[in-house]
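> Take the given structure of chain E and dock chains F, S and B to it, following the hints.
Residue numbers (full-length UniProt numbering), protein chains in the order written: chain E, 1 to 386; chain F, 1 to 333; chain S, 1 to 568; chain B, 1 to 332.
Incorrect hints may have been included.
What the hints assert, rightly or not - Covered by chain F, per the in silico footprint, the following chain S stretches (three or more residues, Cβ under 8 Å):
1) 186–194
2) 244–255
3) 511–518
What the hints assert, rightly or not - Here are the simulated DMTMM-like pairs of lysine to aspartate or glutamate, each with C-alpha atoms no more than 20 Å apart in a straight line:
4) K221/E x D204/E
5) K31/F x D19/E
6) K317/E x E295/E
7) K13/E x E32/E
8) K244/B x E221/B
9) K74/E x E91/E
10) K317/E x E349/E
11) K221/E x E167/E
12) K244/B x E167/E
13) K244/B x E168/E
14) K244/B x E136/E
15) K74/E x E93/E
16) K244/B x E119/E
As the list claims (entries may be wrong) - Derived DEER-like restraints, expressed as beta-carbon distance ranges:
17) W164/B x Q148/E: 26 to 36 Å
18) T36/F x G163/B: 37 to 47 Å
19) V167/S x I19/B: 51 to 61 Å
20) D162/F x P63/B: 23 to 33 Å
21) Y68/B x G112/S: 26 to 36 Å
22) A178/B x Q172/E: 49 to 59 Å
23) L162/B x G112/S: 38 to 48 Å
24) L3/B x Q148/E: 22 to 32 Å
25) F9/B x V234/F: 34 to 44 Å
26) P63/B x E387/S: 48 to 58 Å
27) G163/B x D63/S: 25 to 35 Å
28) V234/F x E163/E: 24 to 34 Å
These are computed hints drawn from the structure, not numbers from a lab. Computed from a prediction, not measured in an experiment: that's the story for all the values here. In this text, a Cβ means the ideal position worked out from N, Cα and C, and glycines have one as well.
Letter by letter, the chains look like this.
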Amino acid sequence: MSAEPLLRVEDLKTQFFTDAGTVRAVDGISFEVYEGEIVGLVGESGAGKSVASMSLLRLIESPGEIVGGEITYKGETIFGLEEGPDGELREREDMLTNEEVRTRIRGNEIAVIFQDPMESLNPVFTVGSQLREFIELNRDLSNGAARQEAIDMLREVGIPDPEERYEEYPHQFSGGMRQRVLIAMALACEPSLIIADEPTTALDVTVEGQIIDLVDELQQKYDTSFIWVTHDMGVVAEICDRVNVMYLGEIVEQAPVDELFYDTKHPYTDALLDSMPRPDRTVDELDPITGVMPEAISPPSGCRFHPRCPDARKACKRIHPENREVARAEGYPHRAACIKHDVFGSDYEESVPIENGAGADQQTPASATDGGRGESERTDGGEHDE
Amino acid sequence: MAIGEGQMGDRSGGPPEDVEAKFGWRYTFAKVMQDTTARWGLYVVAIVLLISAYTMIDSNLSRLTFGAVSDFTFAEALPIFDHPERIPPPGQGEENVPPAFHADGSLSNPLGTDPSGRDYFTRIVYGAQVSVSVGIASTLIGFVGGTLIGAVSGYYGGRVDDVLMRMVETVYAIPPLILIIVFTVFVSGGTPDITYAIIGVGITFIPVFARIIRSEVLSVREMDYIEAAKASGVKNRNIILRHVIPNSFAPVLVYATLQIGVTILIVAGLSFLGYGAQPPTPDWGQMLNVSHGYMHSNVWLSIWPGLAILITIMGFNLFGDGLQDALDPRIDD
Amino acid sequence: MTVYIDGMVRKLPDVSRRYVLATGTAVSATAIAGCIGGNGEDENGEEDIIDPTDYDYDREEPDDEDAARESTMEYTQELERDEDFDPIHSNDAYSAQVYNLVFDGLYEWDAGLDLEPKVAVDMPDVERDGTRYLYEIHEGIEFHNGEELTASDVAHTFMAYQEEDSVNEAQYDMIEDAEAIDDYQVQVDLEHPYGPWELQTMAISIVPESERESEDDREEFNTNPVGSGPFVWSDFEFNEYVTLERNDDYWDDPEPYLQEITFVDNVDEASRVGEIRAGDTDAIADVPNDDWGELEGDDDVRVHISESPSYMHLTFNCRDDAPTGDPDVRRGICHAFSMTDFVESRLGNVAQPLSAPIPPITNDQWGFPLDEWHDEHYPEYDPDQAEELLDGAVDDDWSPTIAAPGDHRGDLAERIVTRLHEIGYEGAQAETLDFGTLLDQTVYNEDPSPDDFQAYLLGWTGGPDPDAYMYNLYHESQVGVNQAHFYEGSDSFHDDIAEARELADQDERYDLYEGVMLEILEELPSLPAYSFHNTMASGEHVRDLHAHPMVQQNPRPVSEYGNVWIDD
Amino acid sequence: MGLLRYTAFRVVQAIPVLIGITVITFILANLAPGDPVRLMLQGQEVDQEVIERVERQYGLDRPLHERYVTYMVNLLQGDLGHSIHRDRPVTDLLIQRAGPTLLLVISAYAFALVTAIPLGIIAATRRNEPTDHVSRIVALIGVSTPSFWIGIMLILIFAIQLGWLPSSGLVYPWRSPAHYGYSGYLELAFQTIRHLLLPMVALGTLQMATLMRVERTQMIESLQGEYVKLARAYGVPERTILRKHAFQVAQLPIITIVGLNLSTALGGAVLIEYVFNINGIGRLFLEAIQSLDYQLIMGITIVIGTMFVIGVIITDISYAYIDPRVTYGDRD
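Same shape as in the complex, but just chain E (with noise of 0.2 Å):
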């Protein structure tokens, strides 16, 4: 696609800093979102997901912090850093500071719907005050105004009754409903682009269907764009255009909907597609993935899949595959990090495979990193900044 993208991510690394060490939450990720499309953030928790979706609107907090890369939002750098004259690392001139982001991209250009729908309101304060304050806030309207444009978003999500509701506190809400007056709060504050953090993982299935379908509706309607943040493939191939898929603290995979789904590029998403019910798969068929995601603060060596990987060699171990183009579908890059595909040409074919059977499984985080990070190849040659 040719159209500048709304948002651009390039080479995003948040790390946490904790008595234990360094976490590598997120760790040089790059992707876009182009107007009014949706884009899955799809992986296991513990991948990273939200700390990328929080890092996008710079909502890190103590003791994480953003470490590299780019963000750029309408061509605002919302993130981005310099060399400065001494070698260090600063933030660039151009970078909008902590008041502008405030200001100017949280809640009216990029707003967020979060995973939990019971703790995300205030209950001390009524649902209408809540959503009223935040329209007047990001919409620049009298008092009187946002609370009538409350009311009608509230309408506009399907909540019966609207002005009653308006005065009524969360725990009047049941969760379904709270997740659609969090829907509300973030159209209503008309930005451009909405991060939906996990937004039906909390709710039940029907309720789940019948979020999906209203944002679904609403998002054509309104034209906004969505990052759709979520661990379940299904809810990806309902409602995204094109996904990206995270695995510690890395996208693994980039590629349209469709693409991702018929024309597999890593095997970490295979997996993820073959744990995943599906109605044209028996309950036997499901197949989950073996062992447990390492933790980020100690990744494995090379691939950081190669552990839990059924493709694995040895040279896995030893290469750190960057997330590259393989292919190319709509317009759009189908990417992925994982070098049995040619254009890594690597020594892939020629090197054993490494038995991930049963043993695997009981291979701790600990002992998957033995070896350490020293021995580790990137392919993109970047620097570990630690």
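Same frame as chain E, now just chains F, S and B:
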């Protein structure tokens, strides 16, 4: 009435009710030791406990073996100690000697002497045993009483629960210090004694423990294994004793640790007013009672016991906080 | 008037403060204090026991009388008043401190406990073998309500104690009749001669008959008294304060400088000392022993002290079933500890040790050879002799209880017990009790067992007449009322006490009391302990303040011997 | 249920506890040592006839339960009996002494709240920074130090050594300035505060420290709440988040604790009134205990228990007022 709304445990700070039943001793200990302040708390508690155990054995042994108070105690074998209750004979020893660093002080009485000429350092050291044993004994009374009442109340529910809880709230409604003084004076027939104080303090703590145990029991009661025990015809009493109580223990134990500090505080107040330990027993609160009359002429007499109380309670609080943090994953500092 | 106070209940008020009295003519004060407590000096040459006469301040006069007449003073009492201000019914020294400024006495005490005429013109004429007293009073004395004080008011006062069933009745029940002869002459008839009459009983505060005619009147009068004294009742809040204003029409000289005086109380001695040190009040009563030096050294504070007729005693349970029924045991206990040492080390600034059952200031009127008695009879610290006396007289597991209030007397009890432990009587114990409980267990105990107590420590405040001590504390009729030693004594012991009470001849009384007191020192039904001084501390700006031996006379803002003002 | 009905409901709920308080005190008081009549008549020669007359007068010759009923009937008419020692109605004494105690306790609470809440918030927002450590140490010392000892130390430092503040007593703002010889209400207010300062700090320190610890914990928890994250994500300024979004939620437990700690504060008032020579209920209580004035002791215990119950009801109602989640009525 709903005194407390299940938060009665908050008298001294953080609410303990969410503490998880995760209770491996080693794990807990390790977590406590990880935290610097909690570790110091543990050290202080350990030192105070050791001192009181030592002095308790020492004074009892010397009584048993040698009879007269003026006889040898092991403590006296160390040159810095005197006997905590001995008053120097006429012409020997001096009254109201200031601490050693004072111009008129002497090294043989590092903290000076009290108005009767007794070595103040020895008395401060021996005072630990009273505070600590009172703290532990009355907390234990509250703990046991509260556990029983709370368990029965929570387990049976209904009328029993109503009646017991109203009783518990009634006791709670009278400020502890006042209830204990009334109890001590009336029950003792006007001759207050530390024993009455211990029982009195214990009784006033029953409500708090009962409330915590009860809410724990209410959640434990619904668990499968209790249902199973009931179904297989185990007696109520046995269910309560074998299953319900042990499974509700953890939060109460943490609370008990914190409560020891509160107990020492209250007993200090009681003794200060003259309704706790009686002279010549060396007790910090009682020493403050005496030294109050000397606050203008010898300030140090008031300072030392106060500091001793402060440090001891601080130790218990630090340790209790650490224990709570170790057992309660909600907030990690 | 008549007052007795049970000695020095420090921290909080107790139920029974009492009085009793006497009168006297006598010897001028000599400081006996120093002679009794051994050499009175320690190695450093410092006096262990202070001499109150060292604190007799010279009279002071204001430079600016008008400014002095503007001054107001706050006086902090050491105990709560009972808030009874009718002298007929009032029974506590702290209410008396207030009403003594509102009323004039028929006679009043000087600093040596001699009675001086006040409303009376002179000493009375005695007739009918000491059973009839004739008083002449000053003309032109006016009560605050404007009426004149006449002889019928005086007669009314004398009779009111009996007629109104006053709690003080017992001190006046020898009065047969009192009547006004004319406006300024009163005749009082006694049923029998009464020894203490001239020394102390006739010092009554004169109340106006017209204000106290009905029960309701008297109720009102009790908290809104009308007298003829130098100060007029002004403002009063129960248990909080009493304010008196200067009587600008006072009949006698001198007229007070103070325009206003307010009485408040602070029962906690540390707090009271704090007040005077912090300058929160103008004067406080009762300086604690250990703060004496601190306050004396404070440039902004002046300390005041006077001997007083207070009397602390260690009294034994002398019943046959008690080991302390044996005089050897009593003497053994007395030798086991050193009273002198205790007083020197704990109370040297505010008390003096005793050597006889009367305080030195009472003896000033009588001149008994106290020094001699002390040397000959008073049991000194001698643990060997104590052991010898006790050995065999009591079992090894003898466990006497010594009961005392929780003040300095509790400390003394503790001290005695510690000393008994040292000579092997491990079972001895001190019991410090609330005042009410203590009295219940001792004095009011109808049948005290050896377990209840074998000794107790209490106090008594009398006056210039030995009868106050001998009769109340030693006569058998007072068992269960004022004492509980059950001492039987020699054949004539109780008779002599009773006889001395009803004699008018002071020489005969001297002889009887000498025998009684020597027997007490010999047999030790109780051991005289120490006598407290009356102490006060005032801000340096309070001028011409002088302590008085009778606690109920303090702070004595105006008299022939002082006229207090505040020098700002 | 409306707030009004909820209030009524809570009051009704409190009745068994109030009755319980009277039962406990009545039973304890009748275990009194010694014979109350003898105490009453102390120092007087009494014969059996007098004792019996007095017993009849005070109803002491009747069985316990009958006396209890009489006592309760009188109590409902506001008559708490007669102080034997002081020879005054207990009710009068309590009314007279309640003022200073309430003044003390309320100002101690005001002090505790005014200091604890900002300090707790600062500690929570600067978590693990020096400010946090200092305020946590202060709070720790605060919960570990006997209030009366703090009082003694304050007197020694501020009244005796520095001479800045009075060492004892209170100035009552409800009296006229003229009574104290002050020039006007301004000076009266100034002096009231000067006198109140030390006892207020001594009594309030424990409350302050307790509240501060809770405030800090609650604020930390509240600041980690999803609703705070949401507010941040919508560009709400940090100040507003602190003052409104996080603060409001964090105050709920504080309200409960303020009510419950009233019990500690009322008990502490006994000690503080003793140390500072304040003529409140606390000192009256000590004096009543000393003289075994059992009617007075009962009266005081009942009144203080009732004060606590009222305090808890008030805090519960304000809790219900602030927290919409409370469904009035089925909350226990």
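> Does E119/E sit within 20 Å of K244/B, going by the straight-line distance between their CA atoms?
Between K244/B and E119/E the Cα gap is close to 16 Å, so the pair holds against 20 Å.
> Need the status of pair K317/E, E349/E: alpha-carbon distance at most 20 Å?
Measuring from Cα to Cα gives roughly 14 Å; hence the hint holds.
> For D162/F and P63/B, compare the CB-CB distance with the range 23 to 33 Å and indicate the outcome.
29 Å, holds
> Under the criterion that the straight-line Cα-Cα distance not exceed 20 Å, is the pair K13/E, E32/E satisfied?
15 Å, holds
> So does T36/F sit 37 to 47 Å from G163/B, Cβ to Cβ?
41 Å, holds
> Are at least 3 residues of the segment 186–194 of chain S within less than 8 Å of chain F when you compare beta carbons?
violated (count 0)
> Check whether three or more residues of the segment 511–518 of chain S sit with their beta carbon closer than 8 Å to a beta carbon of chain F.
violated (count 0)
> For K221/E and E167/E, compute the direct alpha-carbon distance and say whether it is at most 20 Å.
Outside the cut-off at roughly 27 Å; violated.
> Between K244/B and E167/E, is the straight-line Cα distance small enough, at 20 Å or below?
18 Å, holds
> Would you check the hint for K221/E and D204/E, treating anything up to 20 Å between C-alpha atoms as holding?
Violated: K221/E and D204/E sit about 26 Å apart, past 20 Å.
> Should the hint that F9/B and V234/F are 34 to 44 Å apart at their CB atoms be regarded as holding?
Roughly 39 Å apart at Cβ, these two residues keep to the hinted range, so it holds.
> Given the hint that K74/E pairs with E93/E, does the C-alpha gap stay at or below 20 Å?
17 Å, holds
Hint compliance for this structure: hints 1, 2, 3, 4, 11, 17, 19, 21 and 28 are not met, and every other hint is.
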